[in-house]
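Q: Take these sequences, add in the hints, and give me the full structure.
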Amino acid sequence: MSERETIRAGEPFWVGLHLRMAPGWHTYWKNPGDSGLPTRLRWTLPADFQAGPIQWPYPRAFSQGPVTSYGYEDEVLLPVKITPPASLAAGEVTLAARADWLECQEACIPGRAELSLVLPVRAAAAPPSPAWAPAFADARRRLPAEPAGWAFGAQEMPQKVWLVFRPPRSRVPLKDARFFPDQPLVIDHAAPQPLSRGKGAWRLELTPAPNARRPLPALSGVLVIGGAGGQNEAVRVEARILDAGGLKMAGGGQRPPAQEGKR
Amino acid sequence: MRIHTRRAAAVAAAVAAALSMPTAARAAAVVGQPAPVFSAKDTSGATQSLSAYKGKYVVLEWVNFECPFVGKHYGSGHMQKLQKDYTGKGVVWLSVNSSATGKQGYYTPDKIDALVKEKGAAPSAYLIDTAGTIGRAYGARSTPHMFIIDPRGTLIYAGGIDDTPSTDLADIKTAKNYVQAALDEALAGKPVSTPTSAAYGCSVKY
Numbered sequence: 001m002s003e004r005e006t007i008r009a010g011e012p013f014w015v016g017l018h019l020r021m022a023p024g025w026h027t028y029w030k031n032p033g034d035s036g037l038p039t040r041l042r043w044t045l046p047a048d049f050q051a052g053p054i055q056w057p058y059p060r061a062f063s064q065g066p067v068t069s070y071g072y073e074d075e076v077l078l079p080v081k082i083t084p085p086a087s088l089a090a091g092e093v094t095l096a097a098r099a100d101w102l103e104c105q106e107a108c109i110p111g112r113a114e115l116s117l118v119l120p121v122r123a124a125a126a127p128p129s130p131a132w133a134p135a136f137a138d139a140r141r142r143l144p145a146e147p148a149g150w151a152f153g154a155q156e157m158p159q160k161v162w163l164v165f166r167p168p169r170s171r172v173p174l175k176d177a178r179f180f181p182d183q184p185l186v187i188d189h190a191a192p193q194p195l196s197r198g199k200g201a202w203r204l205e206l207t208p209a210p211n212a213r214r215p216l217p218a219l220s221g222v223l224v225i226g227g228a229g230g231q232n233e234a235v236r237v238e239a240r241i242l243d244a245g246g247l248k249m250a251g252g253g254q255r256p257p258a259q260e261g262k263r
Numbered sequence: 001m002r003i004h005t006r007r008a009a010a011v012a013a014a015v016a017a018a019l020s021m022p023t024a025a026r027a028a029a030v031v032g033q034p035a036p037v038f039s040a041k042d043t044s045g046a047t048q049s050l051s052a053y054k055g056k057y058v059v060l061e062w063v064n065f066e067c068p069f070v071g072k073h074y075g076s077g078h079m080q081k082l083q084k085d086y087t088g089k090g091v092v093w094l095s096v097n098s099s100a101t102g103k104q105g106y107y108t109p110d111k112i113d114a115l116v117k118e119k120g121a122a123p124s125a126y127l128i129d130t131a132g133t134i135g136r137a138y139g140a141r142s143t144p145h146m147f148i149i150d151p152r153g154t155l156i157y158a159g160g161i162d163d164t165p166s167t168d169l170a171d172i173k174t175a176k177n178y179v180q181a182a183l184d185e186a187l188a189g190k191p192v193s194t195p196t197s198a199a200y201g202c203s204v205k206y
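Chain order of the listed sequences is A and B. Using the numbering used here, read the first sequence as starting at 1 and increasing by one per residue. Using the numbering used here, read the second sequence as starting at 1 and increasing by one per residue.
Certain hints may be false.
[Stated by the list, open to error] Computed from the model, here is a short list of chain B residues facing chain A with C-beta under 7 Å:
| # | residue |
| --- | --- |
| 1 | A28 |
| 2 | G139 |
| 3 | R141 |
| 4 | A158 |
Since the hints were derived computationally from the structure, they do not count as laboratory data. Every residue gets a Cβ at the ideal spot worked out from N, C-alpha and C, and that includes glycine.
A: Written out as structure tokens, the structure is:
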């Protein structure tokens, strides 16, 4: 579906793939974890239209014994930004996509659909569609935010790797956290992630995957933190593996938290 | 002073032991290290032990015939071809099913033999691991999940069957098959150039 019922030349707009899963079934995030397959869209667009990548809302973890996967249950909207050309003839445009997904409970069933969306072209900007605007707003709330004001670092320990982070000062009290890696062969998806508080920073203890890439690459993915009030917040993580010794954290050109702790 | 030193040494030894101890709860097979040994019954009731195959290359293939990823590799005939080609070259190919009794992919030995025949599969043996013992020892998470053990018992490959996660038969033609590449290199006396990769598939039904 489209967030707006009509479109305008040169003005990007959002469309989305809406997946509704039967109870107990789930589809997958961009990194599916130990099993599964990410949902995929292949577009057929009018001339000079461009489709961006799927913007993935943060996932949840599903565990079956030692197997842990990342995905969505119930329903999810996967937004994609479409950029139309600067000039468009009046009339309609048709956006077509082939969607492929894998839906699993205990069993797995691959799904495929040929989808199309017909949108009228108008000279004036259309308001968001009342039918879909709430679903888009909800999906946006679940997209990982750029980590403004956050600091991240990672430190390799024997058998472990620590994701060390400091949230912005304004944040509400933090209760729990989970890291979702966006690459395979970095961390063990099924291992617990104990959270502890150090001097001026939090530490999430992760376990490298059994045959993890060496040297371990930067930890990249999403950190989902739960506040004491039950609310969740997700931020994008890119944490370089730091040299051993010291908890000097590097991250996005931000002030090292160690300095802040000394004030 | 002596006692103190001894205590310090004992503490250091304990710390060293703790650091070098593999995370027991999360045991897994690690490339470059001895492959976990196992003994399990195959569909004929015979016991298959890894130790009996010292001196040979052994492939372990986690399988579940009801999984669409497994269906892709058997539906195309590619998995059967690999089994035939490499057992023909003296490699031992063990298909392993770790579905718990009653879970998806679990079958009685008779039914498995019938399915193996129907699909034209040609493993050296098909191991029944309903308790998930071998699966957990190797850290098998998906079907297919592939492992290769060299004649000395060292794990030389752990990961996916190929580099193209999908359930689409058409992708097999363009995918790079890691197991084939690793076996060809190993049999030619060369080091395995891609010894680990991300496995993809359905979850193992422990």
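Q: With reference to the structure, classify each hint as holding or not holding.
A: Results of checking the hints against the structure:
1. A28: 3 Å, holds
2. G139: 5 Å, holds
3. R141: 4 Å, holds
4. A158: Cβ of A158(B) sits 5 Å from chain A, so the hint holds.
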